[in-house]
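Residue numbers (the working numbering), protein chains in the order written: chain A, 10 to 239; chain B, 10 to 239.
There may be inaccurate statements among the hints.
To be verified - Below, computed lysine-lysine pairings styled on BS3-like, alpha-carbon distance capped at 30 angstroms:
(1) Lys86/A to Lys203/B
(2) Lys167/A to Lys239/B
(3) Lys162/A to Lys148/B
(4) Lys148/A to Lys167/B
(5) Lys148/B to Lys203/A
(6) Lys203/B to Lys148/A
(7) Lys162/B to Lys148/A
(8) Lys192/B to Lys239/A
(9) Lys25/B to Lys86/A
(10) Lys86/B to Lys148/B
Said to hold, decoys possible - DEER-style ranges, computed between Cβ atoms:
(11) Lys211/A to Lys209/B: 28 to 34 angstroms
(12) Lys162/A to Ala195/B: 39 to 45 angstroms
(13) Gly12/B to Gly159/A: 36 to 42 angstroms
(14) Lys209/B to Gly12/A: 27 to 33 angstroms
(15) Lys162/A to Ser169/B: 38 to 44 angstroms
(16) Ser91/A to Arg87/B: 35 to 41 angstroms
(17) Ser169/B to Gly133/A: 22 to 28 angstroms
As the list claims (entries may be wrong) - Here chain B is said to cover these stretches of chain A; the calculated rule only asks that three of the stretch's residues, wherever they fall, bring their Cβ under 8 angstroms from a Cβ of chain B:
(18) 60–67
(19) 71–80
(20) 150–157
(21) 171–180
Worth flagging that the hints you see were computed from the coordinates, not collected in a lab. Only a predicted model underlies this, so the values are computations on that prediction, with no experimental measurement involved. Note that CB positions come from ideal geometry on N, CA and C, so glycine has one too.
There are 2 protein chains.
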Amino acid sequence: MAGRKVLIVYAHQEPKSFNGSLKRVAVEELSKQGCSVTVSDLYAMQFEPRATRNDIVGCLHNSEEFDYGMETSEAYKRGGLSSDLIEEQKKVQEADLMIFQFPLYWFSMPAIMKGWMDRVLVQGFAHEFPNCYDSGLLKNKLALFSFTTGGSKEMYAKGSINGDIRYLMWPMQHGIMHFCGVKVLAPHICFAPKYVSEEKRKDMLIAWAQRLKTLWKEEPINCSPEWYFK
Amino acid sequence: MAGRKVLIVYAHQEPKSFNGSLKRVAVEELSKQGCSVTVSDLYAMQFEPRATRNDIVGCLHNSEEFDYGMETSEAYKRGGLSSDLIEEQKKVQEADLMIFQFPLYWFSMPAIMKGWMDRVLVQGFAHEFPNCYDSGLLKNKLALFSFTTGGSKEMYAKGSINGDIRYLMWPMQHGIMHFCGVKVLAPHICFAPKYVSEEKRKDMLIAWAQRLKTLWKEEPINCSPEWYFK
Numbered sequence: 010m011a012g013r014k015v016l017i018v019y020a021h022q023e024p025k026s027f028n029g030s031l032k033r034v035a036v037e038e039l040s041k042q043g044c045s046v047t048v049s050d051l052y053a054m055q056f057e058p059r060a061t062r063n064d065i066v067g068c069l070h071n072s073e074e075f076d077y078g079m080e081t082s083e084a085y086k087r088g089g090l091s092s093d094l095i096e097e098q099k100k101v102q103e104a105d106l107m108i109f110q111f112p113l114y115w116f117s118m119p120a121i122m123k124g125w126m127d128r129v130l131v132q133g134f135a136h137e138f139p140n141c142y143d144s145g146l147l148k149n150k151l152a153l154f155s156f157t158t159g160g161s162k163e164m165y166a167k168g169s170i171n172g173d174i175r176y177l178m179w180p181m182q183h184g185i186m187h188f189c190g191v192k193v194l195a196p197h198i199c200f201a202p203k204y205v206s207e208e209k210r211k212d213m214l215i216a217w218a219q220r221l222k223t224l225w226k227e228e229p230i231n232c233s234p235e236w237y238f239k
Numbered sequence: 010m011a012g013r014k015v016l017i018v019y020a021h022q023e024p025k026s027f028n029g030s031l032k033r034v035a036v037e038e039l040s041k042q043g044c045s046v047t048v049s050d051l052y053a054m055q056f057e058p059r060a061t062r063n064d065i066v067g068c069l070h071n072s073e074e075f076d077y078g079m080e081t082s083e084a085y086k087r088g089g090l091s092s093d094l095i096e097e098q099k100k101v102q103e104a105d106l107m108i109f110q111f112p113l114y115w116f117s118m119p120a121i122m123k124g125w126m127d128r129v130l131v132q133g134f135a136h137e138f139p140n141c142y143d144s145g146l147l148k149n150k151l152a153l154f155s156f157t158t159g160g161s162k163e164m165y166a167k168g169s170i171n172g173d174i175r176y177l178m179w180p181m182q183h184g185i186m187h188f189c190g191v192k193v194l195a196p197h198i199c200f201a202p203k204y205v206s207e208e209k210r211k212d213m214l215i216a217w218a219q220r221l222k223t224l225w226k227e228e229p230i231n232c233s234p235e236w237y238f239k
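Start from the sequences and build out the full structure, keeping to the hints where you can.
Encoded structure:
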């Protein structure tokens with residue numbers, strides 16, 4: 010594991026939050042292993058989530074009718090993406106593993122992190138038909154979604170009102186990461202940390218550190234509808 | 010239908026885009042019916058997608074450790090949310106039907122629209138335990154997700170690589186709208202408008218206008234895992 014590079018994309022407003030602690034634990038444990046760890050602290054960076062014309066430096070390919078996907082793809086080819094995107098793409102390019110750390114907002118990631126996906130994973134950089142899914146351009150990388158929920162584990166069980174938590178991970182794990190060729194490790198989910206005791210929260214942090222110790226030996230999950238919706 | 014109020018939340022950068030045309034068709038057809046139509050044109054408004062301390066006017070309930078959900082809920086109670094949120098909440102409150110019009114980005118809505126969900130649907134306004142799902146605070150309202158895809162209909166069929174398109178609608182339709190008590194009409198999906206003929210695109214616009222003519226007679230979909238994952 011020594012020498013491996015890890016990018017943590019982190020979306021919480023408050024350093025003292027439980028998400029902040031989970032992020033800190035990951036930085037500490039992975040650094041201890043000799044990994045080189047980079048953190049994109051999206052709120053602290055005031056990361057721009059909106060996909061706009063500002064992402065392209067200089068002239069547009071077609072200024073008559075703005076097409077974000079086409080323009081960013083063209084801009085990528087000629088090195089004309091905005092500097093914040095180039096910066097994030099460099100971090101992705103170098104990373105062996107990306108950890109996404111966030112509180113679940115509405116069965117998904119917070120908008121600031123969705124904006125990171127929308128803007129950073131440009132066509133030509135992360136995918137380029139037919140190089141998608143297993144042959145996506147970011148193959149040989151790993152991703153792990155680590156998040157906290159408001160609801161309890163029981164509320165996210167199969168047959169309960171929120172449905173199996175796997176259902177909501179489909180767009181993130183299959184639709185984004187697998188599409189780009191990234192192999193996905195099992196998610197790390199801390200259920201309802203706000204509603205458990207301080208001791209339980211400490212146990213959750215310890216469990217995360219423990220998991221990270223043997224993370225590099227884990228096999229990716231099977232990113233198929235059968236795995237998600239069985 | 011005359012007198013009904015419709016809010017269209019629209020997320021496309023380019024008025025000349027196919028999404029722009031779909032939005033225009035909806036405004037025209039619904040106005041013709043005598044509905045009162047309001048549009049939140051998110052990119053034109055430069056709508057803020059980031060959930061931050063700026064959403065709370067004045068002092069925080071707990072300035073030691075910022076908790077976005079708790080703070081916005083407290084701010085809502087005392088009328089202390091930022092003016093852009095109050096504005097959007099008024100539009101939601103008045104609406105009988107909300108139409109979300111957007112291009113699918115990464116199996117989901119663009120970040121700017123996810124930010125609308127994250128920030129506008131505040132606890133106390135849209136939901137308040139145990140008032141969620143069928144007893145959510147926005148019950149008696151309807152929602153409809155109208156979106157365009159890059160991939161073809163075949164690519165989003167059950168058993169194909171993208172999986173049944175229903176799978177990716179689960180977080181939006183069940184996790185957000187149903188959670189707030191909103192009844193969900195069948196989505197309106199225009200597959201791959203970019204890759205079909207001008208004539209086919211016109212047909213798509215006509216089909217949308219046609220559907221809107223009898224929209225008020227439609228029954229909501231069954232927002233259950235059985236419907237989504239059958």
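Structure-based check of each hint:
no.	hint	verdict
1	Lys86/A to Lys203/B	holds, 21 angstroms
2	Lys167/A to Lys239/B	holds, 14 angstroms
3	Lys162/A to Lys148/B	holds, 26 angstroms
4	Lys148/A to Lys167/B	holds, 25 angstroms
5	Lys148/B to Lys203/A	holds, 28 angstroms
6	Lys203/B to Lys148/A	holds, 28 angstroms
7	Lys162/B to Lys148/A	holds, 26 angstroms
8	Lys192/B to Lys239/A	holds, 27 angstroms
9	Lys25/B to Lys86/A	holds, 25 angstroms
10	Lys86/B to Lys148/B	holds, 20 angstroms
11	Lys211/A to Lys209/B: 28 to 34 angstroms	violated, 59 angstroms
12	Lys162/A to Ala195/B: 39 to 45 angstroms	violated, 32 angstroms
13	Gly12/B to Gly159/A: 36 to 42 angstroms	holds, 38 angstroms
14	Lys209/B to Gly12/A: 27 to 33 angstroms	violated, 53 angstroms
15	Lys162/A to Ser169/B: 38 to 44 angstroms	violated, 32 angstroms
16	Ser91/A to Arg87/B: 35 to 41 angstroms	holds, 39 angstroms
17	Ser169/B to Gly133/A: 22 to 28 angstroms	holds, 24 angstroms
18	60–67	holds (count 3)
19	71–80	holds (count 6)
20	150–157	violated (count 0)
21	171–180	holds (count 7)
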